Each structure stands twice: as structure tokens, then as C-alpha cells.
Amino acid sequence: MSAEQHITLECLRYHPEQDDAPRWQSYEVPYTPDMSLLQGLQYIKDHLDGTLTFRWSCRMAICGSCGAMVNGVPSLSCQTFLRELAPGPVRIEPLAHFPIQRDLAIDQGDFLKKLESVKPWIIPAEPRALTDGANRQTPQQIDDYYQYAECINCLLCYAACPQYGLNGKFTGPAALALLHRYNADSRDAGTSERMEVINAEDGVWGCTLVGYCSEVCPKGVDPARAINQNKINSTRDYFLRFLAPRR
Amino acid sequence: MVMPRTYIRPMGSWWRRLPFYRRYMVREATCIAVIAYALVLLTGLWRLTQGQEAFDAWRAALATPPALLAHVVLLAAFVFHAWTWFEVMPKTLPIVRMGGKRVADATIVRSGVAAASVASVLLLALAYGGWA
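Taken in sequence, the protein lines are chains R and B. For the first sequence, our numbering assigns the number 91 to the initial residue and increments by one for each residue that follows. For the second sequence, our numbering assigns the number 13 to the initial residue and increments by one for each residue that follows.
Isolated chain R, as found in the complex (with noise of 0.2 Å):
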């Protein structure tokens, strides 16, 4: 073994209670080269100060909790290793773009009311039962919206987004690449209950394609191909409307 080596975490801490503004506090952790920078909070927690506020749960990259700004980069902390920031100081803020209930948590009511409104669920053209049996698919069907499926929505990609930043009520990259998902599924036929949503103002159309939430996504969704490819699907829909009527 090694001598045991230190890293310094500055977190952005705010506490509504009795801090006007947030403010930084800094940390010495010990470190193994196997932990996470999540370990690392988890130290801080336990060991040094039981009033650091942050959220997570599977320490895996699976449930989407613990995002973080890591040195500005939008970053899950169970995926981020202390080794490769050392010896710090690692500047660890709440993600950017939201606000901030305490210390490193945000508030996604925002989001979450946005995922709702995409409806993200498959709407069968004519209802099914059991006895039917399985809902069939080619590969090549799943592979037409497979990636935007593993979504976790770990809303590193809003912390991304300067349009999300700059105009709130864009709908965001997470919720049209969910929006999308179910779209471009073979089983789901509610592409015209999702139209307007694409179609506002605030959907697609908010996108400057940027492409910053793609590079952070950490399960390769690439939503701001989501989003983009609904640019054309939102002129076509504009344009067949003069064609062909709405009922």
C-alpha cells in the first residue's frame, strides 16, 4: 500500500435557511485510486460534515441521481474518479441551469413536469390485451429508437444546455429525446398527441444545436440528434397541413 494520498473538494454550498447566496467550502479527503468522486462526498459526509446535502442511490450509473458540475462539466459523481482530479482542488457544484434547493441538490420540478407533457409512454393505435400476446419487433425497429430508450434522466444534459439556461421553458434535451423515443417506436402510434409539443416554440425549435448535452451524456443518447431530426419532422407536419386538413 501507498502512503495515503489527499484530495481537496470544494463544494458549492447553500443552505436556504441561512445563506442569502451559496458560498464554497473546502475539503481534504483521502483517497484511494478506486473511488469515485461520489465515495469522496460520502466521506465528507460521514467523516467530516454531516450537513452536505447531495442525492444519489445506486452508484452505478444507472438511477440518474448523483449529477454534479465537476470543474463546469456536467458529471455523475459514481462515474468520475477521484484519481483522475487529483490533487484537485475539484470544484463540485450543484447542476447548472436549475435551482438550487441545498448544497449539491437541485429542483427538477421543472423537468419533471416536461417529461409528463411529452407523454412517454407507447399509445397503442387500438388497445391490446394480454391474450394478444407480444408486441413483436424487428432488430431494425428497436434499433430506430433503442438509444434514446436508456435515458436515465440524470438531467446532465439540461446542465449542458445554455438554451435551457438562458429560456426555462424550452422543453429540453432529455424530454425530446423521450418524446422521440416513443415516437420512432413501430409499437406506439401518438406521434399527433406529441406534435404540438414539438412544434411550440419552446420545443424543437428552442435548439440551436449547441450539441453539448450529447457530449455529456453518460448512456450515449445523443438527444441533440433527437431533437434535430424533429426539426424536419415539425416542417413536414407544418407544411402537410395545408395539404391535408386536420380533422
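Think of the hints as simulated: they come from the structure by calculation, not from any bench. Quick caveat: nothing in here was measured; it's all calculated off a predicted structure. Hints are not guaranteed to be accurate.
In silico contact screen, one side only, chain R against chain B (beta carbon under 8 Å); selected entries [what the hints assert, rightly or not]: (1) E118; (2) P189; (3) I190.
Simulated pairs of lysine-lysine, BS3-like, Cα-Cα distance not exceeding 27 Å [stated by the list, open to error]: (4) B:K103 to R:K321; (5) R:K203 to B:K113; (6) R:K321 to B:K113; (7) R:K209 to R:K321; (8) B:K103 to B:K113; (9) R:K309 to R:K259; (10) R:K321 to R:K259; (11) R:K135 to B:K113; (12) R:K209 to R:K135; (13) R:K309 to R:K203; (14) R:K309 to R:K321; (15) B:K113 to R:K259; (16) R:K259 to R:K209; (17) R:K259 to B:K103; (18) R:K259 to R:K203; (19) R:K209 to R:K309.
Quick reminder that beta carbons are idealized off the backbone N, C-alpha and C, glycines included.
Given the coordinates of chain R, assemble chain B onto it according to the supplied hints.
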């Protein structure tokens, strides 16, 4: 339930925060070079309507050192603009499949750049060949 007071961080100078954002801003700013050169060409068209003398004067103005320098700067901006345009092109296309397989993004980018390069060379050949 009373929600706790949240803190919203300012967005000032957001584009300076990361190199990725700076590159994005440069990419978007190069559209000014595109507009500028469109205006140069439109001016040429307008001068052409005023007759041979006016058109020759416009061409002579383009051959002065400041105009040549401007051309070098605009060309660099154009190349960057074109490159970044093709770079994001795969994200704007529906899935492209050939023989049942997805065409890789890099292939789409390279095809776009190749098409633009060939078109530019053909146009140059046509222009210089036609003038001779």
C-alpha cells in the same frame, strides 16, 4: 407544503465557461462572414447593372491589398463554417441505412465535405477556364 427558497444562478458570460461553448460561439459567428461575402457579391451584381466601367471598378477594388487580406480572413471563416456545418449534419438527418446497416456519422461528414470540396474545385475550374 411550503417549498424552501431556491437559488437561481446567473447565466452571464455562460459561453466563456467551457471551450465547447466558445467553439460553438465561433461557429455561429462565422455566419457573419457568410453574410459579409454575400453582400460583396451582391455589390458586384449591382455594379454590373451600372455598366462595364462600374463593374471593372468593383473588380479593381477587390484586388487591393486590404480587400485581399479580407478575402483571406473570410475564406478561413468560410472553411470553419463549412467544416462545422458538416460536422453537425449527421445529427440533423433521420437514420441513414445502407444494406440494413446504419451509415456511420464519420462517413456522412466525410461525404459532405467531399461533395463541397468537389463542387468548389469545379466552380473554380469553371470560373478560371471561362475567364481565360
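Hints and how they fare:
1. E118: violated (26 Å)
2. P189: holds (3 Å)
3. I190: holds (4 Å)
4. B:K103 to R:K321: holds (11 Å)
5. R:K203 to B:K113: Outside the cut-off at roughly 37 Å; violated.
6. R:K321 to B:K113: The given pair, whose Cα atoms are some 24 Å apart, holds under the 27 Å limit.
7. R:K209 to R:K321: holds (19 Å)
8. B:K103 to B:K113: holds (17 Å)
9. R:K309 to R:K259: The hint holds at about 25 Å.
10. R:K321 to R:K259: holds (18 Å)
11. R:K135 to B:K113: Violated - the C-alpha atoms of K113 (chain B) and K135 (chain R) are around 49 Å apart, more than 27 Å.
12. R:K209 to R:K135: violated (38 Å)
13. R:K309 to R:K203: holds (22 Å)
14. R:K309 to R:K321: holds (23 Å)
15. B:K113 to R:K259: Distance of about 37 Å is beyond 27 Å: violated.
16. R:K259 to R:K209: holds (17 Å)
17. R:K259 to B:K103: Holds, because 23 Å separates the two Cα atoms, which is no more than 27 Å.
18. R:K259 to R:K203: holds (11 Å)
19. R:K209 to R:K309: Satisfied, since the Cα-Cα distance of roughly 21 Å is no more than 27 Å.
Of the numbered hints given earlier, the model fails hints 1, 5, 11, 12, 15; all others are met.
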